[in-house]
Amino acid sequence: MTERERQAVVDFLHREARLADEARYAEWLALWTDDAVYWVPATTDPAADPEKHLSHIYDNRGRLETRVKMLQSGFRYSQEPASLMRRLISNIEIARTPAGELIAESNFILGELAVQAAHEMHWWVGRTTHRLRVVDGELRMCAKKVVLVNAAEPLPNLTFLI
Amino acid sequence: MRYDELIQDDRIHASLYTDPAIFADEIERIFHRGWVFVGHASEIPNAGDFVTRPVGGQPAIMVRRADGTIAVMLNRCRHRGTMVCAVDRGTTRTFACPYHGWTYDLDGALIGVPYPGGYDASFDRSTRGLVHAPRVDEYRGFVFASLGADGVTLAEHLGKATRLIDRSCDLSPEGEIALTAGWVKHRCAANWKMLPENDSDGYHLGFVHRALFKTVRSQYQTVVGEERTIKAVVRDWGGGHIEIDWSPGYQGNFEWFGGVPDALVAGYLEKMERRHGSARTRQLVFEGPAHALIFPNLFLGETNVAIVQPVDVDTCVHWHTPIFWKGASEFNGRLLRQSEAGMGPASFLMPEDLAVAARNHAGLRARHVEWLELGRGLNRETMDAEGRMVSHVTDETINRALWKHYRAVMTAA
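Protein sequence lines correspond, in order, to chains A and B. Quick note on the working numbering: the first sequence kicks off at 1 and runs consecutively. Quick note on the working numbering: the second sequence kicks off at 1 and runs consecutively.
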């Protein structure tokens, strides 16, 4: 992998994080391919199987669009008003698959001020695996898996874009 | 506490949601003396399988014993009080305390005390086993426990509401459900009673869930139209067990499942008819699984089973897992995705419920207004032939039923 390719992946991760933090839903959705898989398991067990086990999120493109439309409707009260968020991404490791896609693994810490009722500060920590592909000269996400360190614990609302 | 003053026929007092002394009283009277749902037998199919879970706020273990029966024991070493088990689930032959090595078998009997020279002959191991819930019973695999030695039996507690559990289990061609997909836990900054009340509230749908209804079609669409065109009803089964029945508004089979392609159901219907006959099968697939609260903490959430866990007066946790019907594994993938759409912190329904519950709880701090209304539908509810009160789905008939039972439990001798 060239340094330029590596930098393109890092830039993509940073941009995706900023669009999610700033609730720029349409721009975030445009980062996805049509065969999107957006997965947030409900366990940290690496053997978790979304066909056998309940997940927090296991969206295909259609469900991802529903998720975004609800956020855009103005009536998604769990994100109305939208949480104030900033996330840091670090420990980035990138590999290329035999099919030419790029796998980027990274850690994140996300501070969320949930302003819908009690103005609680929530701290989210986890590891993300992005699978990226070049489409029409631009990097796009075809899969994003987010394993929260507290995936199996009682979680508050997680209706922002994690 | 004067519960008969705080709970009136058409209004309830805000302190019922916010007073820590009332919360402590509820834990004792409802969650310790009464029957509470703990888990399902299918979660622990083999001897030595266990899950750990709070029962009325106390750490507990539900375990399959060597003889195949199920025990519910407090997760607390008899020596110094340490939790003997620190994982959510697993399989074991013994529970060994990490502190000083006291070891218990699957019955909770104390079978190992290191360095026994420190105790004389009067030390009786038989009185130092893990403490069992004195009463454990099950209905169709739903395991309930009571930490009180006396009181009504589980059969008496459930009463006619066993039919609601039947309605959910009988959709299996083998008559059994399996809760094996794992639980998702959703934390809510509100008093625990707001969850059973909201789970049974047919009035809020078109408002709290407006984002979903504006975005996609769902099976709930038929209950958010004009008031007089809504056919769904609420029903009081007695004992605090309450139901929303959407089925009078359904147009066809499997509407509760968002409709089902023929390819998925041909073999299923054949197996169902072999077990239940064609009339009962038609009724089951038309009505769908129950939407009902089994007092106080089990919510039959249609294709999900949910648990209401009180944490403190201001906090609760909603657990859920999809129902898998034995003999109908072709539905499992759809059940998983439907479960993720409906319940849990990232789903399309419950986050709005819990966000509004948190706003509800915050609003109750306005203590210069002391009362909450509870009178909706008093003008039109009716008693059916079986003595169950029934009313329009948006009516507070079942909230009143819940509070009436609550008052009886909280004022019992």
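Keep in mind that the hints were calculated from the coordinates and are not lab data. There may be inaccurate statements among the hints.
Claimed, not checked - Here are the simulated BS3-like pairs of lysine-lysine, each with C-alpha atoms no more than 25 Å apart in a straight line:
(1) B:Lys404 x B:Lys160
(2) A:Lys52 x B:Lys326
(3) B:Lys231 x B:Lys214
(4) B:Lys160 x B:Lys231
(5) B:Lys214 x A:Lys69
(6) B:Lys185 x A:Lys52
(7) B:Lys271 x A:Lys52
(8) B:Lys214 x B:Lys271
Claimed, not checked - Which residues of chain B face chain A? A few of them, derived with a C-beta cut under 7 Å, are:
(9) Gly206
(10) Arg210
(11) Lys214
(12) Gly277
(13) Val317
(14) Glu340
(15) Gly344
(16) Ala346
(17) Pro351
(18) Val356
Said to hold, decoys possible - Which bits of chain B does chain A cover? Going by a derived footprint, with three or more residues having C-beta under 8 Å, they are:
(19) 332 to 339
(20) 357 to 367
Every residue, glycine too, gets a C-beta built ideally from N, C-alpha and C.
ask   = Holds or violated: are the alpha carbons of Lys214 of chain B and Lys271 of chain B at most 25 Å from each other?
value = violated (38 Å)
task = Tell me if Arg210 of chain B is really an interface residue toward chain A, meaning its C-beta lies closer than 7 Å to one of theirs.
result = holds (4 Å)
inquiry  = Under 7 Å is the threshold here; is the Cβ of Val317 of chain B close enough to any Cβ of chain A for the hint to stand?
reply    = holds (4 Å)
ask   = Do the numbers back the hint for Gly206 of chain B, that is, is its least Cβ distance to chain A under 7 Å?
value = violated (11 Å)
query = When you check the alpha-carbon spacing of Lys52 of chain A and Lys326 of chain B, does it fall within 25 Å?
reply = Measuring from Cα to Cα gives roughly 14 Å; hence the hint holds.
Coverage of the stretch 357 to 367 of chain B by chain A, judged on three or more residues with CB within 8 Å = holds (count 4)
message = For a C-alpha distance cap of 25 Å, please report whether Lys404 of chain B and Lys160 of chain B respect it.
response = holds (17 Å)
ask   = Any CB of chain A closer than 7 Å to the CB of Pro351 of chain B?
value = holds (4 Å)
task = Compare the distance between the alpha carbons of Lys231 of chain B and Lys214 of chain B with 25 Å, and conclude whether the hinted pair is satisfied.
result = holds (21 Å)
task = Under 7 Å, Cβ to Cβ, is where Glu340 of chain B needs to be relative to chain A, so tell me if that hint holds or is violated.
result = Interface hint status for Glu340 of chain B: holds (6 Å vs cutoff 7 Å).
task = With a cut-off of 25 Å on the C-alpha distance, tell me whether Lys214 of chain B and Lys69 of chain A pass.
result = Holds, because 9 Å separates the two Cα atoms, which is no more than 25 Å.
Restraint check, 7 Å cut-off on beta carbons, for Val356 of chain B near chain A = holds (6 Å)
When the structure is compared with the earlier hints, violations turn up for hints 8, 9, 12 and for no others.
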